[in-house]
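**Q** Here is what each chain is made of, one letter per residue.
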Amino acid sequence: MNLARRLSFLSFLLLGGNLIAAELVAPDLTIEQAIDHYIQTRLTERQSQPTPTADDCTLVRRTSIDLQGRIPTVAETKRFVDSTDSDKRVKLVDALLASPDFSYQFRNQLDTLLMSGQNGVSGEWREYLLKSVRQNRPWNQMFRDMLIGNDDDPDVKAATTFVRVRARELDELTNDTSSIFFGVNVSCAKCHDHPLVEDWKQDHYFGMASFFQRTYVTKKNGIAEKFSGEVKFKTTKGEDKVAKLMFLTGTTIEEPVVEVSAEEKKKQDEEVKKQTQDDKAGPPPTPPFSPRAKLVDVALQSGNDQFFARAIVNRVWAMYIGRGLVHPLDQMHSGNPASHPELLEWLSRDLIQHQFDLRRLVRGIVLSQTYARSSEWNGSTEPPAADLFAVALVRPLSPRQYSMSLRIASSSPEAYKPATEEWSKKRDELERNSEGFANQFELPGENFQVGVDEALLFSNSPQFADDYLRDSGDRLIGVIKAQADRGTQISTAYWSALSRAPSADEVAACEQFMAKRTEPVAGLRQMVWALLTSPELRFNH
Amino acid sequence: MTTADPTKFKVAKTARVKGIAMCVTNLPGTQRLFFGSSDFKVYELDMAAEKPQPVEFTGDGHQSYVTGAALAGNQLITGSYDGRLIWWDIEKREPIRSVAAHGKWIRNVVASPDGKVIASVADDMLCKLWDASSGNPLQTLVEHKPMTPHHFPSMLFAVAFSVDSQLLATGDKVGHIAVWDVASGKKVSELEAPVMYTWDPKQRRHSIGGIRSLAFSADGKQVAAGGIGTIGNIDHLDGPSRVEIFDWAAKTRVHEISDTKFKGLVEQITFPKAGNWFVCAGGDNGGFASFYDSQTGKVVHQDKVPMHVHKFVLNDTQDTLYAAGHDQIAVVEFKAVPAAPAEAPAAAAS
Amino acid sequence: MANTSFCGSPDHGVTRRSFLSVPAIAGVTAFAANMRIMDALKNPCLAGELKRQQKSVILLWLGGGASQFETWDPKPGRLTGGPFRSIATDIPSVQISELMPKMAQRLKTTAIIRSLNTRNADHGGGTRLMETGRAMEAAIDYPDLGALIARELGRADSQVPDYVSMYSETEGRHKGGAGFLGARYAPTFLTESMIPPNIRRQESLADVDHQERADLQKLLAKRFADKRYNASVASHGMAYERVRGIMASEKLFDINQEPQIARDFYGPTQFQEQCLIARRLVEAGVPFVKVARAWWDSHGQNFETHLELCADLDQGMSALLDDLKQRGLLDSTLVITLAEFGRTPNINASLGRDHFASAWSCTLSGCGVKGGAVYGKTDADGHKVEDGEMKSGDLFATIFAALGIDYKKEYHVGARPIPIVDFGCKPVTEILA
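Residue numbers (our numbering), protein chains in the order written: chain P, 1 to 541; chain H, 1 to 350; chain G, 1 to 433.
The hints are simulated quantities; they were obtained by calculation from the structure and are not laboratory data. Where is the CB? At the ideal position from N, CA and C, for every residue including glycine. Keep in mind that a hint or two might mislead.
As the list claims (entries may be wrong) - To give an idea of the chain G side of the interface with chain H (calculated C-beta under 10 Å), a few residues: (1) G64; (2) G77; (3) G82; (4) P83; (5) A206; (6) R293; (7) W295; (8) S298; (9) F303; (10) L307; (11) L309; (12) D312; (13) N348; (14) L351; (15) A433.
Stated by the list, open to error - Here are a few chain P residues that face chain G, going by a calculated C-beta distance under 7 Å: (16) K237; (17) P383; (18) P462; (19) F513; (20) A530.
When you get a sec, could you build the whole thing from the sequences and use the hints?
**A** So, in structure tokens, the structure goes:
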């Protein structure tokens, strides 16, 4: 490996970025100030013009989807739009962060991060996440919960589901942990030293795997660790090698040597075997040395914790901005630098200094100017590169968000009253009812495409019509059919579905359409259909 | 008086064979066995030897798995997937005659207890009766449907004679049993055991199971059918071993045995000449032998045997069975322990 | 979660490109950043060229892993060969299992590959490998063959589905997927019903209303979509545009539209009916149809299972080939039999065969195939490949070559090229016409 590169990488890590600490802007800036500073710096360098701030309707809609997991109600939208308070955006964000909605939404985002691709995960896991978000549990503490856990604490018990659902596949557990918590996909390094990414060798892959190698699932469906066991692998030269416990920084851990008699070892092995076979066995034995616990300690050690901090900063950034500072999210290595390395450093340092408080980070991102940009590109040339963050990125709603948003969009504006006493219950109901969509629709990944199946479902399924186009009093159509004139009907529909007023052209097009309909309520239904199935509703923009 | 005691079950001896021993028969009064194998050959194996070695029969033999073997006098008659029946001289270990008996795969060959008739069943869904000594065809019994209700080709696995050699039973894939009068070749009864046939309509869309074994009770009034009960995952033999016993004339079922302790196919059932038990053997990935009370249907004794049993034969004293199966032949003894002789020459009970 | 990262190693298949951001250039692909590019495909010259290419693929997927011993590569007389014999075929010196007598007379349009060595004998991994033509990577969500063919042979403005997948509900059922090609190429998936879900307009809505409200939706969406340079947003519009066309293709799925004589020709089993529907779809221009026949995973009672399943396959496949030939479609249709792996030479104690990926078979028939060819050889007992070893990627390269698709082409995801076939894999020219 190129010595110079290795040195620079190592120093980048080991000195915790202190090499460039002098170059970072002051830590006592607000998060949003730091963000806008660095983003603007690069825009200026590239002579790139960002889009203006999004209008109020767009902003309240976007913020609501991001912090509440749903579009705003008409009342919520209008309250923000009509407010003349100079501080209204800050007030909005703080109110939303304090709402019951935020806990559900952020919980769902963490669930996606931690468990997407896993089937049949218990409700208790999601409960753990919800509780953790509600109490704003620090991320490093959650990491500890998930990797080590505490069977005696009922609030935390389900956290080790993260390990348990992957414990039977060492590769999966290794890869997912590295990728999710450290932003590092080392899977290529399983077969050979990563040819491009000089940071990752087979030793790194198998070093990480070693932390998990002794973990097993008991018959009672808990996780435990064996007393011994090592990962063996074949190098590309064909040599047999035993892996050492090694963290991604290259730090190796020496396991304390414990002399164990053959008889004692046999007893240990039998105890472990019993744990995997007997569903009436007592609690599993705890070996004196736990590689998995050691991983948590090493990873959170000051000096190493940049990996951990940077990875979550990058992911949270991507949740709200639509693209990581490092892209892709699991390729954080020296050959793939961040678009804004100083910003990434600053935010990571800030997170560490504030005890891994995620809510604080979210608040900062969402209050930045960068976040609030318009997603509309009116230029004659192609828009600037995505990693300049000059234009807000359009993001598809998640299935749950889509479900709840359609529900709100198609309901009477009086049906949902957030920030009232009954709201908690109603919001919980909305969340539970979104389960159907969650099972039916795929989570949007990269290169998300809407399939014709979805279009057919919305076009022809009787259930869609029944759910969203009913004209009963608690529904949008029920409300607008009683309204006096077309103009009002169209306007109400627009505010409800798209969180804004219609343009003159849109009013004309809708009026023309409805004039041709023989049956007025049916005409309203179809107009509302066109709005509900609009891409403007489908996406967070 | 019987010398058999099923509770004294023990695997006395095993002999490894190449391939899968699919069928076996025993020369009465000896420990000489004749078995057919998946290597297409027929062998003699003398279990009296300390280290029994299979001796190959020579000459123009079968061209596929040998699935049935029956003795009639000093002739051995074997049947195979190649559709042929071959008569062999057991001393010379050579073929006497070879008959293109069936258009499809022969599943079993049995001899009537009086040694006069040979019955063969095959997937052409025909049971054919042959003169045991001359090899001349006697009857073709047509009954079993060539297609299953799910439009697949069916199979005809099982055939058995009654003790008096006058009746015959045949059983197929879908659980249909026919009882026949041997002399006239006419069907005298039919029975259904549909549980033996598992059709998976959803996940696998094919079937498994079928009636794999049949036997008449010693008094000829009952027919026992063996197979496997309903299976959840038909990729494996993961179902209870199953026996149904019928009063064939009344067409009623007398016993239903669904045994979850020993799972798999019941490949063979035999009633002894005397005694109120009958024995089944078979297996899934492993093997078992089970003795049931013929009056009550309850277990008398059952145990594992070293391999999945395809066929077995009782010896002439009915206290030992020779089992043929996956890469071995096993001798299973269940001999009654003899009573201690009386010391004084007092009047002894008989 | 799909991710588009890679390590760039030739072992892991993707060429290295700079990580520096390069403006995404929309090509004539579904990644078109805006609707104007899509309109170009409506250009009559371009559309004409595409029509000339109207080829199709029917994949007969033998889910669970059919035994090569009981189908295309029998070993009669060997301990591993099982009880079934081999029979002569219409190609001198080529024999296949006696369980496939009808196909034995149709090898003149079929090539048999006997030398697949794909190493992955696990249902999940093997399926992914054989569906996508390459080993799964944690990082890249590769599209399956159906999505690839839909992309290559389909038309952007197609009035019929591009990729239809029929399976019987089965253990380990696999949806397959379009991976990074996106939902545009996801299969129309038929499970319980043979009619795609939601294909019929609700009766309470008149057809003119159905059409005109779709027009209104499109008109109103324009303002939003035109100003967003986003492939996902574009896909939304395209999905809705295809609705009417897909609805019009409902009849294609209705087997009652065929005369009884055609239905009898194929046979009454579900698989045979689906083969008939596959012909209908291909005749109407659907580029890729998958008919999954499950479940061949005969860990117990391998011979009984294959007795049934081979009879089903033999009848369905031969009827399909005959029917395609009669209608002049066989030259432009490639029929493939494939599975996730084959089965072990060793016969276990339940008379079953277990998973085996070291030496197994598949077939190609029709378009671009040299009929009567047999490629590759296994040893006497079928334990390993002796000659002509092929990987999954080689098979894919051969399939593409047979269809006239350039197997060396690359897709672009953003600025990054992704080759259509796994690195180092080439078509086997011996089985190409």
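**Q** Next, verify each hint and record whether it holds.
**A** Tested hints:
1. G64: For G:G64, the interface hint holds, since the closest Cβ of chain H sits about 8 Å away, which is under 10 Å.
2. G77: Result: holds, 7 Å to nearest chain H Cβ.
3. G82: holds (8 Å)
4. P83: holds (4 Å)
5. A206: violated (38 Å)
6. R293: holds (8 Å)
7. W295: holds (4 Å)
8. S298: holds (6 Å)
9. F303: holds (9 Å)
10. L307: This hint holds: G:L307 lies near chain H, its Cβ roughly 6 Å from the closest one there, short of 10 Å.
11. L309: OK, holds: G:L309 within 10 Å of chain H, min 6 Å.
12. D312: holds (7 Å)
13. N348: holds (7 Å)
14. L351: With a closest approach of 8 Å, the G:L351 hint holds.
15. A433: violated (34 Å)
16. K237: Because about 15 Å separates P:K237 from the closest Cβ in chain G, which is outside the 7 Å limit, the hint is violated.
17. P383: holds (5 Å)
18. P462: holds (6 Å)
19. F513: holds (5 Å)
20. A530: At about 4 Å, which falls below the 7 Å cut-off, the nearest Cβ of chain G leaves the hint on P:A530 intact, so it holds.
Hint check: violations occur at hints 5, 15 and 16; the rest are consistent with the structure.
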